[in-house]
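Chains A and B are the protein sequences, given in the same order. Using our numbering, the letters of the first sequence correspond one by one to residues 1 to 160. Using our numbering, the letters of the second sequence correspond one by one to residues 161 to 309.
The hints are simulated quantities; they were obtained by calculation from the structure and are not laboratory data. By construction, the Cβ of each residue, glycine as well, lies at the ideal position given by its N, Cα and C atoms. Errors might be hidden in some of the hints.
To be verified - What follows is a list of derived Cβ distance ranges for each label pair: (1) VAL236/B with ASP11/A: 41 to 47 angstroms; (2) ALA92/A with ALA179/B: 17 to 23 angstroms; (3) GLY105/A with GLN242/B: 53 to 59 angstroms.
Stated by the list, open to error - As a list, the in silico DSS-like pairs of lysine-lysine whose alpha-carbon atoms are at most 30 angstroms apart: (4) LYS136/A with LYS90/A; (5) LYS136/A with LYS121/A; (6) LYS285/B with LYS136/A; (7) LYS69/A with LYS285/B; (8) LYS121/A with LYS54/A; (9) LYS90/A with LYS134/A.
What the hints assert, rightly or not - Far from chain A, some chain B residues (derived; all Cβ distances over 12 angstroms): (10) ALA166; (11) ASP169; (12) PHE233; (13) PRO280.
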Amino acid sequence: MPTAHSIQSIDFLTAFSESVLAYPIVLSIHLTCIALFGGMILATDLRLLGVAFKGLTITEVVTSLRAWKRIGGTIMIAMGLLLAASEAEKYAPNPFFWTKMIILGLIGVHALIFRPIVYNKTEELDRSPVIPTKAKVAAILSLVLWTSMFVMGRLIAYWD
Amino acid sequence: MPLQNAVADALNNSEWVFALAECVHIGGFAVAIGSIALVDFRMLNLGLRRATAARILRDTELWTVVALLFVMFSGVALFLSQVDIYRVNLIFPIKMYVLAAALIYNFTVHRRVATMENPPPFVSKLVAMVSLLLWVSVVFGGIFTGFLV
């Protein structure tokens, strides 16, 4: 695959994938982001479902974790792209990788749909006597999408 | 050991079972370490600042414990499926020692300081940073175990 080959042949990326330590370190950082920020995504989703952190308002949970989730997500995606680019030829025909990228796209769509009506409208959600269905739908979809992300991620290595 | 063989056979005969065990392991540590991290971030005066660390700990403790059980059960299953490989792996024992330290630390020092009414900020932050360092080391240990195979 000429494109994939030319991507991973970029000097920096070649050196990266040949370095014994660099690849596992980047992968470890990628997984560490899952560990540290996965809990924050879970906390937000569980609060939107009204299942956890009921002592805090939805506004408090969502706004106080927002910056950290963005930082974590940025690092996670950056590390992921680095891993993929350095092994572009191996990833290019891998259906698990592309499924994962599609799911990542769906996560972006999820944000576009639910930010204006749920995540940026937390005061409205807090005022409502019962948590609106749209918030619960957002939370469930978020949990399903992110779970699919790490499952697909793990399966990447299983493709021959 | 019959149990070891039964588990090993199940996991090795069906590749998807092994992959499933790994996914349970990852999902488990995402919830376990993630919930501990919520407490740690608070102890560093970051994240859920409207709640106390004690409150966050109380709200997440059950999630942490159940998730850790999933992590450890899946971990044992993964180990049993390739005992010989893990036995000679140089990183794996280190990961286990760090895991033991992280677990003991989490349920002793960490718990003690997190539930304190007015802990000195310096102590809170130090305890939180050690906690994060230990758990992140376990994650790194897991990846490097795989790379040494």
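Hint-by-hint comparison with the structure:
In this structure, VAL236/B and ASP11/A meet the distance hint of 41 to 47 angstroms, their C-beta atoms being roughly 43 angstroms apart. Take ALA92/A and ALA179/B: their Cβ atoms lie about 21 angstroms apart, and the range 17 to 23 angstroms holds. Separation of GLY105/A from GLN242/B is about 35 angstroms and departs from the stated range, judged on CB atoms against 53 to 59 angstroms. Proximity of LYS136/A to LYS90/A is assessed by CA-CA distance (about 38 angstroms); at most 30 angstroms being required, the pair is judged violated.
For the hint linking LYS136/A to LYS121/A, the alpha-carbon distance of about 13 angstroms falls within 30 angstroms, and the restraint holds. The hinted pair formed by LYS285/B and LYS136/A fails the criterion: a straight-line CA distance of about 34 angstroms is larger than 30 angstroms. The suggested pairing of LYS69/A with LYS285/B holds, with an alpha-carbon distance near 21 angstroms, which does not exceed 30 angstroms. The straight-line distance between the Cα atoms of LYS121/A and LYS54/A is roughly 18 angstroms, inside the 30 angstroms bound, and the hint therefore holds.
For the proposed pair LYS90/A and LYS134/A, the alpha carbon gap of about 40 angstroms is over 30 angstroms, so the pair is violated. Listed as a non-interface residue, ALA166/B keeps its Cβ farther than 12 angstroms from every Cβ of chain A; the least gap is roughly 23 angstroms. Its beta-carbon lying about 19 angstroms from the closest one in chain A, ASP169/B satisfies the requirement of being farther than 12 angstroms from that chain. The Cβ of PHE233/B sits about 17 angstroms from the closest Cβ of chain A, beyond the 12 angstroms cut-off, so the non-interface label holds.
The Cβ of PRO280/B sits about 23 angstroms from the closest Cβ of chain A, beyond the 12 angstroms cut-off, so the non-interface label holds.
When the structure is compared with the earlier hints, violations turn up for hints 3, 4, 6, 9 and for no others.
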